[in-house]
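Visitor: What follows is each chain in one-letter form.
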Amino acid sequence: MSTLGEKVKKIRSKNAGPFWITVDVFCGDKKVYKDIRNKLKNSKISSLFMISEQDLNRFEIDNLNVIKFSFPRKTIQGDIFDRDMHGAQLAVLLSEMKF
Amino acid sequence: MIPIKVLVPSGVLGLGFNYEALRCGIKNNPDIISIDGGSTDSGPYSLGSGTSKYSRAAIKAEWKSLMIARAEANVPLVIGSCGTCGTNGMVDWMENITIELAEELNQHLKIAKLYCDQEKNYIKKSYKLNKILPLNPAPKLNNKLIDEMTNIVALAGAEQIQECINTGADIILAGRTTDTAIISALPLMKGAHPGSSWHGAKVAECGALCSTNPTSGVVMVEFDKTGFTVEPMSKNAYCTSETVAAHMLYENADPYILHEPGGFMDVTYSNYYNIDKKKVRVEGATWNPSKNYRVKLEGAKIAGHQTSLLVLLRDNNYVKNIKKWTDKLSTFLKKEIEERMDINTSEYSIEFRHIGYNSILGELEKNQGSPVEVGVLCLITSKNKISTEIAKLINPFLLHFPLSTNEELPTFAFPFSPVHSDRGCVYKFALNHILELDNPMDAFQIKILEV
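Here the protein sequences line up with chains A and B, keeping their order. Just so you know, we're using the working numbering here: the first sequence kicks off at 1 and counts up by one. Just so you know, we're using the working numbering here: the second sequence kicks off at 1001 and counts up by one.
The shape of chain B in the complex, shown without the other chains (with noise of 0.2 Å):
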């Protein structure tokens, strides 16, 4: 069966790729094709919320040009962390709309469901057993925590994708699942080299991004018994030993080592080279298997509910002096809330942002200009949703604060009505912990269906 190539579309399900290098991947024989559909990369909510970063529509229209790739080269189609966070809510979503496409396409298909969510009682009782161990950094845990939590997934490795593999499913819909998995478990159970096959899957989790064209997307890797190649599928894309090399670093905090379920990857002694302009063969990983199986874990709890308000300042005596005039205004706000709503601070927080001068690096900014404008974004949030009532009340004040006392009101510019936007719940990433089974199928379940 040696070698085998598996076909990337994309970094991710919703981004989009070129159709003409799908199909030039499909005349290349794939013997499998996987794409990624989630990340904690845009933060908390998704997981928090257990929905989709990317719009139903986005997702449906390219599935459905995977789904038609996939019949025409009769191999299996894989994707791991449906809808973004890889709940079992997610998976059934995806389920969902493979279903209506298969019906649109008129495909007959056996689609295998892998689920990843973690009951809180399965949860309690590992950590109390000591098998939930902290990465570093990770929050403090507890019972109370876990309690809190909205969601929490495992991440399934190269074993879970296999046993879905073994099914003989046409289509496999995995919830959350470590990017490179989903790359990894085809060459892994036919055996190519180990840490050839998760250094090749590292390289092509965000397709065509270790290419000279990232947007192209689409990328195929072909692995064997001694490494792996990699080649994009566009016809204006090209890897090089550079591109290629240089993926390693890419939001990984250490550029040899990648841990995966079971063990950890090393590339430190790899060979990086060009076969022709466009293919770089790679060879010299290493995998390192674990005494213990190890997953890790995600999850999220509710922050608060949150609204913000923006206000624009044009006149130059307050762009220059915006620091203390939201200080002033935060002092005085915080005596407001307590003696009119009779609420403390412990129960909400405010915090204002100077768009303009410090917005997005704040204590860390170094360059202080001289803005014509500032912006002052309030963010308040609360424990409940009081946090729209202490807006309606902040409201005037943002509006006509004065930095003295002897000035006649100033009046800013708000450019909305109303002026306050609710942001409903706002989460927070609860875990940084890993869990160890005993089987590596002990937190996870597949669910086979036909249609």
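Chain A on its own, in the form it takes in the complex (with noise of 0.2 Å):
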């Protein structure tokens, strides 16, 4: 079993401004755009990162071939507790997600 991260073109999360995360999964082609639409379920992401499928919004972004997803942080950027000021280090458990 590979992981997403082989599997796709590019995987990357940001802060959408200090309240929020978005995730963005390249697919880099249809086929793979495809393939991993359909198999990558809301409930799955939502466990990765440890929030409730509720606060998850997907979006499919066909003339991209990306898949997106934004949620709230569990911290606010910069509060005491937030280990990653940017975000920008979540995206790897979605890259090393056995897929």
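Possibly wrong hints are sitting among the right ones.
Restraint ranges, calculated between C-beta atoms of paired labels, are given here [unchecked claim]: (1) A:Gln54 to B:Lys1324: 31 to 39 Å; (2) A:Lys10 to B:Leu1129: 40 to 48 Å; (3) B:Asn1288 to A:Glu53: 27 to 35 Å; (4) B:Leu1312 to A:Gln89: 17 to 25 Å; (5) A:Asp35 to B:Ile1068: 52 to 60 Å.
Treat the hints as calculated values from the structure; they're not laboratory data. Heads up, the beta-carbon is just placed ideally off N, CA and C, and yes, glycines get one too.
Starting from two chains that each stand alone, build the complex the way the hints lay out.
Guide: Here is the structure:
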């Protein structure tokens, strides 16, 4: 079994303002995009980031072969218990996910 | 006046850009030069303390080349969100740099300053009148929280920048402004397509990040009645329909919608296509005005005083049992601090982060490797300056605390003397709200000066 990161072109995460995180999965081509779009379940993503499924927003952007997830930060950016100011390392969780 | 050309030298002043590309941009006759000066992306410290993230020297060096370029092009130069956070103090800081440079360069200038600071009484009054509405998620607002904030700013939009442009200023130093408004203001004023004015501004807000060569910085956007065209100014940068379309995803929770003062932009039905190897043409975005004019608020308050300590452990037994070690240490320290300093856990927090195990992802970490060494970062945050004293109390235990009672006292590695580092005040973002205004200028002020 390979990881999601090995299947796609790029996965990145970043703050979308101090209160949100957004994760972009660039699938690379239509075939991979369709395959991942169908198999990547919201329940899996929400458990990976330990958030409720209702808080997870999902966008499927056909023309870019991108699947995008946005959710509120568990810790406000830069608050004393925040561990990653820019939220850019969170993408690793998706990259290393068995797929 | 259509088309309108906006030259964007880079995503933010202080990050650097390609000077040759800037010269190329000036040769292409821009109508305005617009650059962003700030962001919340580095955290709450800048707004909380009212200071710039970038060094004054870096800002001055880059601003100098933009002031020279502006004089050559003889068009307005606009900077939004001066000094990272865009407080009045940072607008004045930028004014000070501009005056110094005007003297050095022997330039005679009309400068417009846009102030975006919000007085606490005004915010309290607006809150009482239900003019302040929470976004999702938002801290619970009340008068106490408003009093605790060190700085509150409102994000200016195109309307306030247009007021500044109308003064005939050569240079506009704006406080906190949306990244896009400094770019969209002039095209909107001159009758360019509203949806495309905002969309083109969003595409160019990070400079050449919308191209194949992000660090080259400089892009030109040309706005007209039906859409916009974007082109990077560096020889080695290219815009493709994909790099341009993909920029809507960047730092944006919704890839189709962008909220701005006075409404929102929707790019759901936008079309992107390459005109040539470098240029991309985009049409189809819509602008949807809201019934009431609203601006976003940002505020920060002091979260506490913070002191950090770092200890490194190489002993295999301790590396393997690091969580157990810090759990035991934590329980022990709580008791020591209460007994010896007479302060309880409501007045401070201590956190241990295990560098080498899960210091970045914390409880989300899935991959438990076996590091040869581990760093323990200890963070103490207290309401007053007692965090330094707590750190000094902790120091010997961090060095010698044993896992079991029947062993010789261990000694771990301290990389520094002194061990503790006072981090001073740390801050917290305290607002995710919008403010309703009867008139766009109600929460903003313009000051003009000539040098």
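Visitor: The hint says 17 to 25 Å between B:Leu1312 and A:Gln89; measuring C-beta to C-beta, is that right?
Guide: 22 Å, holds
Visitor: Lying within 31 to 39 Å: is that true of the beta-carbon distance A:Gln54 to B:Lys1324?
Guide: Once the Cβ atoms are compared, 36 Å apart, the range 31 to 39 Å for B:Lys1324 and A:Gln54 holds.
Visitor: Is it true that the C-beta distance of A:Asp35 to B:Ile1068 lies inside 52 to 60 Å, as the hint says?
Guide: 53 Å, holds
Visitor: For A:Lys10 and B:Leu1129, compare the CB-CB distance with the range 40 to 48 Å and indicate the outcome.
Guide: 47 Å, holds
Visitor: B:Asn1288 and A:Glu53, beta-carbon distance inside 27 to 35 Å?
Guide: 29 Å, holds
When held up to the earlier numbered hints, the structure conflicts with none and fits them all.
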